[in-house]
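Sequences and hints are given; from them, build the entire structure.
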Amino acid sequence: MRGISGFGLTSLALSAGLANAIDLDVNNRDSVLKASKIVVDNILSVYNNYTESPGGIPGLLPQPYYWYNAGNMFNSLIKYWALSGDQSIVPTLQSALVFQLGPDFNYMPPNQSKSLGNDDQAAWALAAMSAAEYDLPVPNDLLSNNITWASIADTVFKEQVARWDTESCGGGLRWQIFTFNNGYNYKNSISQASFASLAARLHRFTGNSTFYGEWATRAVEWTRSIGLMNQNGQTFDGTDATTSCSEINRLQWTNNAGLFLTTGAYSANAVYSATGRYWSELNQLVTNSSLRIFVYEDRNIIYEVACEPSDNCNIDQTGFRAQFVRSLATYRDMAPASDDSVYRQNITAVLRASATAAAAACVYGENGTSCANSWYDPVDDTEDYYGQINQNLNALEVFLANLPSGDIKMGVGSTNGTGVGGSLGGGANGTERGDGNGSGTGSNSPQSSGDGTGAASTLMVSSMLAVVGMFVELFVLA
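Read left to right, the sequence shown gives residues -21 to -1, 1 to 457 (mature numbering (1 follows the signal peptide of the UniProt record, and there is no 0)).
No lab work stands behind these hints, which were simulated from the structure alone. Predicted model only: the values in this text are computed from it and were never measured. Just so you know, even glycine gets a beta-carbon here, dropped at the ideal spot from N, CA and C. Heads up, a few of these hints could be off.
Said to hold, decoys possible - Ranges of calculated distance between the beta carbons of each label pair, as one might list FRET restraints:
(1) 31 x 320: 42 to 50 Å
(2) 288 x 211: 17 to 25 Å
(3) 157 x 41: 23 to 31 Å
(4) 321 x 160: 37 to 45 Å
(5) 321 x 157: 43 to 51 Å
(6) 320 x 143: 32 to 40 Å
(7) 294 x 36: 16 to 24 Å
(8) 317 x 64: 16 to 24 Å
(9) 278 x 29: 30 to 38 Å
Quick look at the structure:
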């Protein structure tokens, strides 16, 4: 594929009837937030047009997007809200997170059962975990039943613990939850990494290392022992349980590496011992291999190496980089101060170059600000993907990655890991804690009361719960 040239990009913009991309100065907070707002508006335009149309459902995206894509989208929008203080999107976030819970409050809505994977469920649980860490107001109808964002994430986590499959390959999660789904026999890295990441974040949030921390370690160690992560920190796609996991699909994707990096970043931030050294070493391995594999030549621009050079990324693969750049920023901000500062410097350089390139590639759509899939060569992108959710989410996350991650909170006290539903602090129950090295502290995260955003928000959530038939009968977790 061709590299970006000034002539090529300018000609492309003019051919679309546009002269400007998104203006971005990565060294200016206001500029980053302004650029992020433009992309958020693009994303919500697609989402709102769908949910407000006949048959639209809160929390879902139009085809060809999958259910987990929506979970990832709301995860990104929660971070945008936390760093920007944009209160206008809070009702949208709350409605989606509640409506997709399902009757057992575990992100297993019945209408998703035909394709529900452990990674899909975890994508929504990780969004709920972000809501807890960034203190998204919990609707009164959840709080009154002792349910918080963190307790929802905890419910999902404990369900996945019960699915840990020691009967084949000595452990690991299967990709699909139900035996009748294609992919049930596949044990893939995204399921292990999502599970491990959720464990690590619950570990840090609760302080419970003997349950959540041990599961994070177990998931990573199984992944390494089976060969899905090699000694250099490279992560491969998956393996087949029917062959005793003897054959490895060696495709490498940014999101797998990113979620394992998130696991290590949270775990290292939560512990200060020999165990912490283990996580720091893992982080450095994954960072080294990732910056070598997923950064384009000498231009410091992130790309999806397995599909982007051939312009052959499918709808899944166009969205993987959002998680990756977020994870790089998380490691940069949460790594213990003892970690080599060179890693932070390298990450910062890559995130700045990638954000600048991404902004320059946002020249499509009616307003000329929807983003291309490729940042290093947007000229050759497939037009069908322009202005879509995943491409804009990638841009949003890489823009936000140039800001400190903000105050990522911890809960009040810890649980004993025995399944005490609803006891994990969330909403107004979080207490502030800075990142590992002081680079992400400050007042980026808006402070909100625990009773939501007012009576209108509470009424909205009550109505949604009634519609899905679970407001009275099924609020019995307390």
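Right, here's what the structure says about each hint:
Residue 31 and residue 320 have their C-beta atoms about 48 Å apart, which keeps the hinted 42 to 50 Å range intact. One distance hint, 17 to 25 Å for the beta-carbon pair residue 288 and residue 211, holds here, with the actual separation near 22 Å. About 25 Å separates the C-beta atoms of residue 157 and residue 41, a value consistent with the hinted range of 23 to 31 Å. Here the CB-CB span from residue 321 to residue 160 is close to 44 Å, well matched to the stated 37 to 45 Å.
About 45 Å separates the C-beta atoms of residue 321 and residue 157, a value consistent with the hinted range of 43 to 51 Å. Between residue 320 and residue 143 the Cβ separation comes to about 37 Å, which falls inside the hinted range of 32 to 40 Å. About 19 Å separates the C-beta atoms of residue 294 and residue 36, a value consistent with the hinted range of 16 to 24 Å. Checked against the given bound of 16 to 24 Å, the beta carbons of residue 317 and residue 64, roughly 33 Å apart, lie outside it.
Under the hint 30 to 38 Å, the C-beta atoms of residue 278 and residue 29, about 36 Å apart, fit the expected range.
Of the numbered hints given earlier, the model fails hint 8 alone.
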